[in-house]
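K.L.:
One line per chain: the protein sequences are A and B, in this order.
Position one of the first sequence corresponds to residue 116 (the working numbering), numbered consecutively onward.
Position one of the second sequence corresponds to residue 116 (the working numbering), numbered consecutively onward.
There could be a bad hint or two in this list.
Every beta carbon over 12 Å from chain B, so not counted as near; a handful from chain A, in silico [to be verified]: (1) Glu141; (2) Val237; (3) Asp259; (4) His271; (5) Asp309; (6) Arg330.
Each computed EDC-like pair below joins lysine to aspartate or glutamate, with the alpha-carbon atoms no more than 20 Å apart [what the hints assert, rightly or not]: (7) A/Lys179 - A/Glu199; (8) B/Lys304 - A/Asp309; (9) A/Lys304 - B/Asp307; (10) B/Lys304 - A/Asp307; (11) A/Lys304 - B/Glu153; (12) B/Lys193 - B/Glu256; (13) A/Lys304 - B/Glu246; (14) A/Lys192 - A/Glu153; (15) B/Lys351 - B/Asp121; (16) B/Lys152 - B/Asp121; (17) B/Lys179 - A/Asp307; (18) B/Lys179 - B/Glu162; (19) A/Lys179 - B/Asp121; (20) A/Lys179 - B/Asp183; (21) A/Lys179 - A/Glu162; (22) B/Lys304 - A/Glu165; (23) B/Lys179 - A/Glu162.
Worth flagging that the hints you see were computed from the coordinates, not collected in a lab.
Heads up, the beta-carbon is just placed ideally off N, CA and C, and yes, glycines get one too.
2 protein chains.
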Amino acid sequence: MSYYKDTKIIRYSHQGVEHTTDIVVEEYPLTLFLEGKEFVTLLCSPEDLEYLVTGFLLSEGFIKSSGDIGRLRIDEKKGVAEIELKGGSILAEKLYGSRTITSGCGRGPVFYNVKDSMDTMVLDKEHRKTEYQTIISLMREFDDRSEVFKKTGGVHSCALGLEGKIEVYHEDIGRHNAMDKVLGHSVQKGLDFDRCVVLASGRISSEMLIKAARRGIPIIASRSAPTVLAVQLAHKLNITLAGFARGRRFNVYSGFQRII
Amino acid sequence: MSYYKDTKIIRYSHQGVEHTTDIVVEEYPLTLFLEGKEFVTLLCSPEDLEYLVTGFLLSEGFIKSSGDIGRLRIDEKKGVAEIELKGGSILAEKLYGSRTITSGCGRGPVFYNVKDSMDTMVLDKEHRKTEYQTIISLMREFDDRSEVFKKTGGVHSCALGLEGKIEVYHEDIGRHNAMDKVLGHSVQKGLDFDRCVVLASGRISSEMLIKAARRGIPIIASRSAPTVLAVQLAHKLNITLAGFARGRRFNVYSGFQRII
């Protein structure tokens, strides 16, 4: 497998509209089964998966050395890694148990939880069009507000734009947290999501896309790159995904019909 | 609370050594209890926590609108959010159950799992010193190899340097994955971690620091910023943490004695 993929895009700039291709980074779900039990899905780049699994097991304290792994079988096509530890199921049971008790769950691969209900998330309405200039001026206002990022270089920002103006804006060290703060605030304000644009500073991965889709937001624009998986989902869910929105230009990866 | 904090650092450059302060971004653990049950810890920026919790519950499908929250009590000092949903424990039980079954665990806050065993991770040996020039040339080699990042703007890189040369190098869309690939590969190669330097392109958060600490690696150098929590842990664990390693300069946040 490869780290990235050529993807058809439309590039908007003050010089006009260009149909071209862009190199987009892959996002690959690898589900780990420990002693036959599914226990975590990693969203990763699809290379060096054996090292990833070994390193993950070491970092999470499931093994002390690579010699503790009895058997590791990776099915790249299915996105599955089957692990058996030496010392067998008793150790795994104990470790698995302790992990469950401490609730060491992070920001999960929301994708898998919503896979079944994805059909209900498709935007079938042909929401109103949004002008090139609206996206550009929203991103300009967005950039102006990213104060913490400028100070420390360590924070992601996210915002919700409505009628060409930013209505809600938040920052956080986590991309997902910044988006959740914006969504939580917007829901409390009672904003009309299907007329909104999400603006983000960070990468648009599948999880970010699904957060917006769950709320029925038709357009996402990011200063950074999307992943292939996010682009595929955006096509499926009929969401307009724009990336590299900087200065007077951006790339559109899906939902082309909404930008005029 | 504030997004960031002034921190004492030593800045190394070709012009010499400067004792100064740097603004470092906060990383705050907020543990969510749903109907009295601990279920997730978010590592976030310590502001707008009510919006974060609301947005997280929406995004993860625990609630459909903010009206579904019966009670939300946030104890900023303890880092705890207590949530009660309307419809009560039956709904929560059902949702909590389904979450557990689908194993929607991401890259967890390793911190909390290892808190108890943290004393054993302190580097009490006064490892050999590393020269300013070694870090600079390692970072130069590291930058030269970051090909995928240059192409797509979407990938983090991580490497292990030994004796002034990069021994293991990996890339991934996730910072944690890139580090785990490097650690997994290095363990299989049998590298002597206590003579190594970890190089990273992305932010050094508490989780990244703990991954290195677990393997006994004394020096971490990143192109990006660390968090306050990572700096605090680095002091406690006697790890040398360098950030903003770019061109011929870097900042050191802890473990100053190892750099000459």
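K.L.:
Each hint should be assessed against the structure and marked as holding or not.
P.N.:
Evaluated hints:
1. Glu141: Violated, since 8 Å does not exceed 12 Å.
2. Val237: holds, 17 Å
3. Asp259: Its Cβ never comes within 12 Å of chain B, the nearest being 17 Å, so this holds.
4. His271: Contrary to the label, A/His271 does not stay out of reach of chain B, its closest Cβ about 9 Å off (not over 12 Å).
5. Asp309: holds, 15 Å
6. Arg330: violated, 7 Å
7. A/Lys179 - A/Glu199: holds, 14 Å
8. B/Lys304 - A/Asp309: violated, 53 Å
9. A/Lys304 - B/Asp307: violated, 55 Å
10. B/Lys304 - A/Asp307: Distance ~55 Å between B/Lys304 and A/Asp307 Cα, so the pair is violated.
11. A/Lys304 - B/Glu153: violated, 28 Å
12. B/Lys193 - B/Glu256: Violated, because 43 Å separates the two Cα atoms, which is more than 20 Å.
13. A/Lys304 - B/Glu246: violated, 54 Å
14. A/Lys192 - A/Glu153: Holds - the C-alpha atoms of A/Glu153 and A/Lys192 are around 17 Å apart, at most 20 Å.
15. B/Lys351 - B/Asp121: Given pair B/Lys351, B/Asp121 holds - Cα atoms ~18 Å apart, limit 20 Å.
16. B/Lys152 - B/Asp121: Since the Cα atoms of B/Lys152 and B/Asp121 sit roughly 36 Å apart, the hinted pair is violated (cutoff 20 Å).
17. B/Lys179 - A/Asp307: Roughly 15 Å between the alpha carbons, so the hint for B/Lys179 and A/Asp307 holds.
18. B/Lys179 - B/Glu162: With Cα atoms ~23 Å apart, B/Lys179 and B/Glu162 exceed 20 Å; violated.
19. A/Lys179 - B/Asp121: violated, 37 Å
20. A/Lys179 - B/Asp183: violated, 44 Å
21. A/Lys179 - A/Glu162: Judged against 20 Å, a Cα distance of about 23 Å means the pair is violated.
22. B/Lys304 - A/Glu165: holds, 13 Å
23. B/Lys179 - A/Glu162: With a Cα-Cα distance of about 37 Å, the restraint between B/Lys179 and A/Glu162 is violated, given a limit of 20 Å.
In this structure, the earlier hints numbered 1, 4, 6, 8, 9, 10, 11, 12, 13, 16, 18, 19, 20, 21 and 23 are contradicted, and the remaining ones agree with it.
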